[in-house]
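Given only the sequences and the hints, what does the whole structure look like? Please build it.
Those protein sequences? They're chains W and R, same order as listed. Position one of the first sequence corresponds to residue 1 (this note's numbering), numbered consecutively onward. Position one of the second sequence corresponds to residue 1 (this note's numbering), numbered consecutively onward.
Accuracy of the hints is not assured; some may be wrong.
What the hints assert, rightly or not - Think about it this way: if two alpha-carbon atoms lie no more than 30 Å apart in a straight line, the pair counts; the simulated BS3-like pairs of lysine-lysine are:
(1) W:K153 with W:K259
(2) R:K160 with W:K87
(3) R:K160 with W:K153
(4) W:K87 with W:K153
(5) W:K259 with W:K87
Please keep in mind that the hints were generated in silico from the structure rather than gathered at the bench.
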Amino acid sequence: MSDNGLSRRQYLSTVGGTAVAVSLAGCFGGGGGDGGATEITAGTAPGFPPFEMKQDGELVGFDIDLLEAVVDETDYTLAGWEEFEFKSLIPALTNENIDVVAAGMTINDERDETIDFTDPYYSSNQAIVVREDGDFSPESMSDLSGRPVGAQKGTTGESTVQSELIEPGNLDESNYNSYGNYVLAVEDLQNGNIDAVVIDEPVAQTFAAQRPVTIAFTYETGENFGFGVREGDDEFTQALNDGLSAVRDGNTYQDLTNKWFGQQ
Amino acid sequence: MPPLPLQSDWAFVAGNLDLLLAGTGVTVGLTAASILLGFLLGFPAGAVEVYGRGPLKRAVETAGVVLRGTPLLVIIILLFFGLSVSSSAFVTATIALGLRSAAYQSQIFRGALQSVDEGQLEAARAVGMGRLQAIRSVVVPQALRRSVPGFQNEFTIVLKDTSIAIVIGLGELLTVGQNLYQGGQSTAALEIFLTVSLIYFVLTFVTNRSLDYVDDRFSIPGGERA
Chain W
1 MSDNGLSRRQ
11 YLSTVGGTAV
21 AVSLAGCFGG
31 GGGDGGATEI
41 TAGTAPGFPP
51 FEMKQDGELV
61 GFDIDLLEAV
71 VDETDYTLAG
81 WEEFEFKSLI
91 PALTNENIDV
101 VAAGMTINDE
111 RDETIDFTDP
121 YYSSNQAIVV
131 REDGDFSPES
141 MSDLSGRPVG
151 AQKGTTGEST
161 VQSELIEPGN
171 LDESNYNSYG
181 NYVLAVEDLQ
191 NGNIDAVVID
201 EPVAQTFAAQ
211 RPVTIAFTYE
221 TGENFGFGVR
231 EGDDEFTQAL
241 NDGLSAVRDG
251 NTYQDLTNKW
261 FGQQ
Chain R
1 MPPLPLQSDW
11 AFVAGNLDLL
21 LAGTGVTVGL
31 TAASILLGFL
41 LGFPAGAVEV
51 YGRGPLKRAV
61 ETAGVVLRGT
71 PLLVIIILLF
81 FGLSVSSSAF
91 VTATIALGLR
101 SAAYQSQIFR
111 GALQSVDEGQ
121 LEAARAVGMG
131 RLQAIRSVVV
141 PQALRRSVPG
151 FQNEFTIVLK
161 DTSIAIVIGL
171 GELLTVGQNL
181 YQGGQSTAAL
191 EIFLTVSLIY
201 FVLTFVTNRS
211 LDYVDDRFSI
221 PGGERA
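Structural data, given as structure tokens:
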């Protein structure tokens with residue numbers, strides 16, 4: 001559903017082109033906005049439990065609570081949340097629709113070229129999820145050879161499948177199924193159309209708690225999630241980093257991980 | 001292969017029907033506003049393409065070709081993130097859908113206007129009407145009647161294409177549906193898709209029936225049926 005007919009390449013060039021246009025517009029606009037206006041708007045992409053999702057029409061999740069706690073520690077106030085599709089978040093940030101992204105976004109070089117990140121606030125590895133009652137229980141990436149495997153389009157799970165399985169020749173391209181979102185991938189796993197799904201570990205734990213699926217093993221990728229901020233917004237980035245360490249030093253961070261991930 | 005998990009989660013859908021209906025409200029509002037904008041721009045554009053000449057005609061034709069040839073997703077993304085026509089996702093989506101619909105509607109009306117026999121215009125002129133008055137009083141009323149079937153199609157297209165507004169986060173029907181099953185509480189993906197499809201179907205069916213009624217009501221008495 002979130003796949004709306006554009007290939008990844010077309011999409012990137014469209015959005016990339018837009019981003020260039022927007023940055024140029026920013027130069028002419030005089031930008032800044034440091035005139036005492038300290039209200040900020042946050043953006044997220046619901047559908048990534050337990051980091052952000054909609055429950056009974058309300059936006060909830062770990063990222064939501066954490067960012068609100070972090071902003072509370074700064075001189076800024078949070079005006080509200082805007083919801084986008086995940087892939088629209090970076091254009092929304094560069095275009096000043098939002099001021100900060102809190103969406104379980106992995107810090108990577110590609111994104112770092114367009115936007116800045118705060119210090120990491122969560123580390124995630126990839127989990128390999130299989131059916132609970134199935135007889136397939138892989139222990140390493142090489143065990144996935146020749147099995148139909150799924151992941152969500154555009155995520156680090158997909159990158160892991162690409163770099164660890166397809167590129168080394170351990171998995172045929174045709175054995176990889178790409179989904180618009182995790183839920184459909186897990187649904188297909190339950191239906192028996194694929195044998196494993198590669199997803200972020202905390203998300204996998206949520207699925208394992210609620211559905212007849214289980215984590216076979218985890219693959220260490222050393223991914224870090226960070227809040228996304230506009231490039232050059234250094235004062236704000238520093239404030240968020242200070243807020244983050246204040247939240248980590250107190251009990252808040254621990255309370256929130258307990259609340260959203262169970263005991264960790 | 002095990003059967004599809006159809007039995008489980010209808011209660012979840014029922015419990016969240018109020019959210020789905022709120023999303024339906026946004027969808028209906030977005031469709032109505034877009035169709036209206038499309039009509040206000042598309043009808044004159046169609047008329048210009050039939051009766052206009054010179055630079056105005058060429059400009060309208062070019063705009064139509066560009067809008068019809070650009071994917072709606074690209075139009076929405078450019079208007080929101082590129083030109084930033086409005087900070088409101090609803091307004092931006094209305095403009096994007098409205099412009100695209102205007103380009104389609106202009107062709108519906110162009111075809112309808114051209115379908116009215118040339119002799120009618122000549123006859124109207126012969127009884128002393130001016131060109132503009134002849135078009136307005138003789139050609140347009142007939143053309144509007146003949147454009148109803150094409151307009152029914154256009155309505156259906158706009159209604160379903162409102163779902164593309166999900167890319168700028170607008171909380172219309174499909175977005176609400178996706179948010180529900182992605183919320184981590186439910187496995188009801190299939191049930192929600194079926195419910196959302198049913199709502200789209202009801203909206204399309206009711207509107208098409210209403211337009212059928214309009215078509216019958218205003219058909220030319222005793223004359224040829226459009």
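* **Violations among the numbered hints** => none
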